[in-house]
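There are 4 protein chains.
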Amino acid sequence: MVVRAAVAGASGYAGGEALRLLLAHPEVEIGTLTGNSNAGQKLGALQPHLWPLADRVLEETTAKTLAGHDVVFLALPHGQSAAVAEQLGPDVLVVDMGADFRLKNAGDWERFYGSPHAGTWPYGLPELPGGRAALEGSKRIAVPGCYPTAVSLALFPAYAAGLVENQAIVVAASGTSGAGKAPKPNLLGSEVMGSMSPYGVGGGHRHTPEMIQNLSAAAGEPVTVSFTPTLAPMPRGILATCSAQARPGVTAETVRAAYEKALADEPFVHLLPEGQWPATASVQGSNAVHIQVAYDEAVDRVIAISAIDNLTKGTAGGAVQSMNIALGLPEELGLSTIGVAP
Amino acid sequence: MVVRAAVAGASGYAGGEALRLLLAHPEVEIGTLTGNSNAGQKLGALQPHLWPLADRVLEETTAKTLAGHDVVFLALPHGQSAAVAEQLGPDVLVVDMGADFRLKNAGDWERFYGSPHAGTWPYGLPELPGGRAALEGSKRIAVPGCYPTAVSLALFPAYAAGLVENQAIVVAASGTSGAGKAPKPNLLGSEVMGSMSPYGVGGGHRHTPEMIQNLSAAAGEPVTVSFTPTLAPMPRGILATCSAQARPGVTAETVRAAYEKALADEPFVHLLPEGQWPATASVQGSNAVHIQVAYDEAVDRVIAISAIDNLTKGTAGGAVQSMNIALGLPEELGLSTIGVAP
Amino acid sequence: MVVRAAVAGASGYAGGEALRLLLAHPEVEIGTLTGNSNAGQKLGALQPHLWPLADRVLEETTAKTLAGHDVVFLALPHGQSAAVAEQLGPDVLVVDMGADFRLKNAGDWERFYGSPHAGTWPYGLPELPGGRAALEGSKRIAVPGCYPTAVSLALFPAYAAGLVENQAIVVAASGTSGAGKAPKPNLLGSEVMGSMSPYGVGGGHRHTPEMIQNLSAAAGEPVTVSFTPTLAPMPRGILATCSAQARPGVTAETVRAAYEKALADEPFVHLLPEGQWPATASVQGSNAVHIQVAYDEAVDRVIAISAIDNLTKGTAGGAVQSMNIALGLPEELGLSTIGVAP
Amino acid sequence: MVVRAAVAGASGYAGGEALRLLLAHPEVEIGTLTGNSNAGQKLGALQPHLWPLADRVLEETTAKTLAGHDVVFLALPHGQSAAVAEQLGPDVLVVDMGADFRLKNAGDWERFYGSPHAGTWPYGLPELPGGRAALEGSKRIAVPGCYPTAVSLALFPAYAAGLVENQAIVVAASGTSGAGKAPKPNLLGSEVMGSMSPYGVGGGHRHTPEMIQNLSAAAGEPVTVSFTPTLAPMPRGILATCSAQARPGVTAETVRAAYEKALADEPFVHLLPEGQWPATASVQGSNAVHIQVAYDEAVDRVIAISAIDNLTKGTAGGAVQSMNIALGLPEELGLSTIGVAP
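Residue numbers (the UniProt record's numbering), protein chains in the order written: chain A, 1 to 342; chain B, 1 to 342; chain C, 1 to 342; chain D, 1 to 342.
Only chain A is shown next, with the shape it has when bound in the complex:
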């Protein structure tokens, strides 16, 4: 089977990471690359790490340039995916790495994104209950946000097992690539190196409703999330520190058992041995998720911490994993669980 794949938005971080992974995928052949503001330029000037594609020229993002592929990965600004997807037709697998089709609740979408809701596509987080079934054979995939990936995987076992109360409190640190490649003063190296800073505090981050959607589904009842993202002085990685109040009767043992059960067969989620905590460096460049969980008796809370690479499992790796499932390929094909460390 040869899967011919196009990437729209190939000059940004999500598109570049998709290409990095697709180049290593044994069944994928890379077709059209597009990038509107950079159309006409060689990819080598924009993504010098993607040597095998250095001489490829970026095209405009149009129905015509994207025609003739089995899969089209969209790494476009929010709000642009619907129009492109429509033109591609129902038989092409469209994998949207943007936010447009993640949320089920139109009101949430409008409140957080300020534009009309485009719809909801099957959600590309196979590890969630029912996640794989939703993706099998699908021709449309909404790739989760990077923070919701890290947070949902850290907490869904606790909610699914009924171990914790409904309010989750999350403080997460992200590498700067999560903020994209469009230059802004606060993202300059001079500003971020040596500095930690929060943003979108107080419920303002757009990924909040997506976390609520996932955890509520796992819990079978409404869950609220207090989410504070912080920008960390590193290019990649998310460390999500998540906690929730334990329900009566919860012990360290029941917590461990629930996580072991929920994550046992997951090819990309590694519940670390007891006492070992995750570090983002350990998953750098890989599709792995490292998780540890503890029950803190003094405060009666379950604390779960996950580490992912925001660009890999948090974006393009999750996209390729979901593509594999949708196409009936082995889920792990072309993806690694080995981080580039140190």
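Calculated from the structure, these hints are not laboratory results.
Please note that the accuracy of each hint is not assured.
[Stated by the list, open to error] Covered stretches of chain D, going by a simulated chain C footprint (3 or more residues, C-beta under 8 Å):
no., stretch
1, 11 to 22
2, 165 to 174
3, 191 to 200
4, 228 to 239
5, 277 to 283
[Stated by the list, open to error] 25 Å max Cα-Cα, derived BS3-like pairs, lysine-lysine:
no., chain 1, residue 1, chain 2, residue 2
6, A, Lys42, D, Lys261
7, B, Lys184, D, Lys42
8, C, Lys184, A, Lys181
9, B, Lys181, B, Lys42
10, B, Lys184, B, Lys42
11, D, Lys42, A, Lys261
12, D, Lys184, B, Lys181
13, A, Lys184, C, Lys181
14, C, Lys184, A, Lys42
These numbers were taken from a predicted model, which means no experiment stands behind them.
C-beta atoms are modelled at their ideal positions from N, C-alpha and C, and glycine is treated no differently.
On the provided structure of chain A, position chains B, C and D as indicated by the hints.
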């Protein structure tokens, strides 16, 4: 007034930072420098940034070498301060930058530090209610831990004003200098650069009882703290993200008003304009504390975030500030509120 | 004596650093702050580390807003200083932190900067032979470039003493603040963290003719410079590795002696003890220059390495030092030789 | 073909990188892992990024534990490889990632390493003239040092084509992993972040004679090298800035042509398009070498700059590439030319 100051433990990060600040203090003359394992070496080989002291030779930490000073700063491993302080006599101002005399509850000390409790000294966080009075004229000062400094300043206004419920949830990121200068594999540059990782998760960190002590005092009733520290890829700085459930009737306005009132006259604590959040780079090398607070209506929580330099306000700056008060000098003498950024 | 100082271009890195230093200067009172594209904004939103000036509002850069000061610091884009300086009149001390008045040779200026030469002002590097005399009483100062500061101080003793042949080879690493605060994709934190890269290779960097000018003056004959700058993953600092072929008869001892003699009385230049090499962290935020030199017998070359903070000694610190000399103040006033490390 | 491979010294950076690459090699099966001081521990506690091997237990480095493999990779401290190799017998392919067998000149070895010379093995830099032939069928491989890899590849085309004079001047910046995992104060994250510093200045670095050996061989006559290594604040990567005086008649065109010819068919060496300079991030985690070269007419020098990942092409990637050649496998098997960026 000339204050003759000695620093015991001058080769480490806390001792070095004390010297950096004391060199800029107009009333201080630097006397003996000690450093047991490095005794006999020139300071210039160990702390090359302290050029004016480059030719000073480190001595052993003994009653004799430390005699004849008005102030002695102790930057010693935990458990060693009591014996040294005893030998210095009651008329010398002893400023302990270690943990030995911070905790009031002997049981807490023993549980977290595993050794007999040495006692309790006036606590060097003048911004807390009653904090200055406790230091005036004192001959002994227990300098707070770096995390408790950041967390207590972020949350005491909320607890003192009765705005929040008793459980505080804190996730803090610290620069690596907080872990000291003794080389360990996990502190290597190769390990920490590009990586975020938690440690002491689940209530295990020794600074937890100190936070509880401070916030309980501010609240006038027991407060519990869920504390998760993380190691961030930067040399200095703490960003503490703190939250607690709001009590009935709390609004964004009452929260802001309480913080403005509590922090208005503080020379080193800067409540940022609404909407602006702190960054550790902005306080680097300074004694400033940048704080912002918000009320998140969706989750009914007060979220307060503070940024400090762990070595300055979090250790040696707090020590000098407290020394100034104890000696009757202007509190701000020799200390800056201007960070070294970018 | 109260010196009233204005800073034009206060929102950028050079302007911000000037303000950081001027705030600590005992004889300076800070007047007007300007910043064209940010006029009308509070400084606190742009330079949050400069807390004491947080409520100052930026004005337009005009003759009117800058009138009434004893000193005006210009941190403007290249080519804009001449017009401003003219309007300020001959009695105001104008300190230009841009490049406009550094080069003596109009042809060099035109070739490297592509615009008409505005003239030459006294050069603000007091440590060069004759450097102080040129500044005393002057009303115009051209502050050197950051690289020429580091390179000229590392090599002028060798050239002045006739120890080396005329071609100097320099490879220097700079922190990213040297590239300014205007956002560009290649300066994003995501791009620079974890990466070293050269730029302006092959003689193209605009600081090259300035180095040639300084070293030729020291040598008393034409010196050529092969200069390769590299961008390092740090916000501040320059490490300049400089070498030149030794002349016959040179030994380790003659080299050391020449450097000791040339640098002995310099308040800001620290020739390190033999065997100790400079590190940029040791001079961070200070006006200090750390230098070491060696004679490598196997290749018959003198190797001199200097570390400076590009924003302090390399820009705003050198500016304040030169201002002190021009105004007849003690040269070291308001400036530190102590780095912020670690 | 299944190649059974053991790694001696699996807990360090070189051994860990070898395992990371071998895990992705389609013909390799990983056998014994040893690590003397960590024998008995699980690899997951020491190298958490190598998830598939997390439960493997480290053994002692002995002839017995290493028996029964087709290939043994040695990542041992200098001086220990000879004894181990002897015990393994002549039919096992021994790939030494240490220095022991790199130098041909026993005097050089003794002068720089201070111990008796163990001998010389075929040198694992296939890109050098005659490099592949020396490795084909060999049962012993001396993997080059990381700096000599970067420098030799940058300069051999110029020397082989007779374009430059004999003295090469090299200033290289290395990530901290090049200094290994043994904890030392100067390698702490607190020390290296935000700092550039040189070491081994003046010809003292042990990699100097290896560069001389390679470049002299390419030139067909003795070449001397002035080499200054610097430590950069990043975990991985080497940027080598190399130059030499041009011989009469050299032009930009002849230089470009020589590099194009020398590097045209190299699967891992990428001569960048004119005007584009290498960055270490672009080769992170890959076996790629990015090179650019220029002729600077003003100083009559050829300047060649290379970027490699010190642990991949500079150590373990070069080792696997050489193993592939020695075993008759396709040279690129299991190795990538795609960097992990940003």
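Hint check:
{"no.": "1", "hint": "11 to 22", "in the structure": "violated (count 0)"}
{"no.": "2", "hint": "165 to 174", "in the structure": "holds (count 4)"}
{"no.": "3", "hint": "191 to 200", "in the structure": "holds (count 8)"}
{"no.": "4", "hint": "228 to 239", "in the structure": "holds (count 9)"}
{"no.": "5", "hint": "277 to 283", "in the structure": "holds (count 6)"}
{"no.": "6", "hint": "A:Lys42 - D:Lys261", "in the structure": "23 Å, holds"}
{"no.": "7", "hint": "B:Lys184 - D:Lys42", "in the structure": "19 Å, holds"}
{"no.": "8", "hint": "C:Lys184 - A:Lys181", "in the structure": "10 Å, holds"}
{"no.": "9", "hint": "B:Lys181 - B:Lys42", "in the structure": "17 Å, holds"}
{"no.": "10", "hint": "B:Lys184 - B:Lys42", "in the structure": "24 Å, holds"}
{"no.": "11", "hint": "D:Lys42 - A:Lys261", "in the structure": "23 Å, holds"}
{"no.": "12", "hint": "D:Lys184 - B:Lys181", "in the structure": "10 Å, holds"}
{"no.": "13", "hint": "A:Lys184 - C:Lys181", "in the structure": "10 Å, holds"}
{"no.": "14", "hint": "C:Lys184 - A:Lys42", "in the structure": "19 Å, holds"}
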